[in-house]
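Here the sequence shown is numbered in the working numbering, starting from 347 and rising by one per residue.
I should point out that these hints are in silico values taken from the structure, not numbers from a laboratory.
Since we're looking at a predicted model, the values are computed, not measured.
We put the CB at the ideal spot given by N, CA and C, even for glycine.
Don't take each hint at face value.
To be verified - For each label pair, taking beta carbons as the anchor points, the in silico distance ranges come out as:
#1 Ala-351 / Pro-683: 41 to 47 Å
#2 Glu-400 / Glu-620: 28 to 34 Å
#3 His-371 / Tyr-644: 25 to 31 Å
#4 Leu-353 / Ala-377: 20 to 26 Å
#5 Lys-545 / Pro-683: 44 to 50 Å
#6 Trp-513 / Leu-353: 24 to 30 Å
#7 Glu-620 / Leu-353: 50 to 56 Å
#8 His-395 / Leu-630: 37 to 43 Å
#9 Trp-513 / Ala-588: 37 to 43 Å
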Amino acid sequence: MNPQAKLIFMTSLLLGTTITISSNHWIMAWAGLEINTLAVLPLISKSHHPRSVEAATKYFLTQAAASALVLFSSMTNAWHTGQWDITQLSHPTSGLILTSAIAMKLGLVPFHFWFPEVLQGSPLSTGLLLSTIMKLPPITLLYMTSPSLNPTLLTILALLSTALGGWMGLNQTQVRKILAFSSISHLGWMAIIIIYNPKLTLLNFYLYTMMTATVFLTLNSMKVLKLSTLMTAWTKVPSLNAMLLLTLLSLAGLPPLTGFLPKWLIIQELTKQEMIATATLMALLSLLSLFFYLRLAYCTTITLPPHTTNHMKQWRTGKPTNVLIAILATMSITLLPISPLILALI
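All chains, full assembly: derive it from the sequences and hints.
Structure below.
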């Protein structure tokens, strides 16, 4: 892709995100979401492969439908209350429509079908944008409207997302699809706590973004798209492979790694809200995700493939590891001991 074009699309992406997260008026928030959608479409379809074009089409249709629902929700609210302010979403029907629209934007169950397909058709660099920065504007809208949302609906969506994100990722062989189902599962954890403690949702999102960015950048530098390629990638950059293993376990939420922090705090908050059964169910459903992270970790650390693959073994290159990956990987693994400081900051 032409560097100037890429610069325009990336600037538009940042502009759209900034407009949405800093707006008070529903029309401005909607405009930011639209700019975001239009800026990311060329990045999805830049390889001109039929699968990429299909992914871009699916992405456009779902996001356009979700944006229409956001407008419909805000107009219904304005009709009944005379308010266009995002934080004044007091009409119950508007709240339900908005929850559905944001669920569609994020890829929460039952509106998740587009997300694995779109991620599978995108390059790894675009997949990183779709999994992280593109989720920020919808989560910000949820954060701003959280006091007036329906707790029962969000809890059901969150439990279904955590369950299906874990179940559907179990038998995947494509790394991007596994990461898509991982994202759906993590979004379930964020959605369940947004009403009771919105700051925890943001903390969870920041840590998830950091760990996912580490995984995507590492896989991109090793040129890995399938589990069978991952098995032979140990020859290329052994140290990076070890860091990928720890980051995957951190994403799974194992102590003493960073990923344990949001899960621990969310279960603690749910217990404070006397939602013991929900907290137990969430903890049990996270075991499903743990299984496929362990499968990825196993394929990462395996040093000789157990069957003959069609992939040539890639011998190590002289290139040093990217500094950004090194910093992100270190933070993805070691932030748990300073959790009191993190909690003081949020």
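A quick look at each hint next to the structure:
no.	hint	result
1	Ala-351 / Pro-683: 41 to 47 Å	holds (44 Å)
2	Glu-400 / Glu-620: 28 to 34 Å	violated (46 Å)
3	His-371 / Tyr-644: 25 to 31 Å	violated (50 Å)
4	Leu-353 / Ala-377: 20 to 26 Å	holds (21 Å)
5	Lys-545 / Pro-683: 44 to 50 Å	violated (21 Å)
6	Trp-513 / Leu-353: 24 to 30 Å	violated (40 Å)
7	Glu-620 / Leu-353: 50 to 56 Å	holds (51 Å)
8	His-395 / Leu-630: 37 to 43 Å	holds (39 Å)
9	Trp-513 / Ala-588: 37 to 43 Å	violated (29 Å)
Of the numbered hints listed earlier, those contradicted by the structure are 2, 3, 5, 6 and 9.
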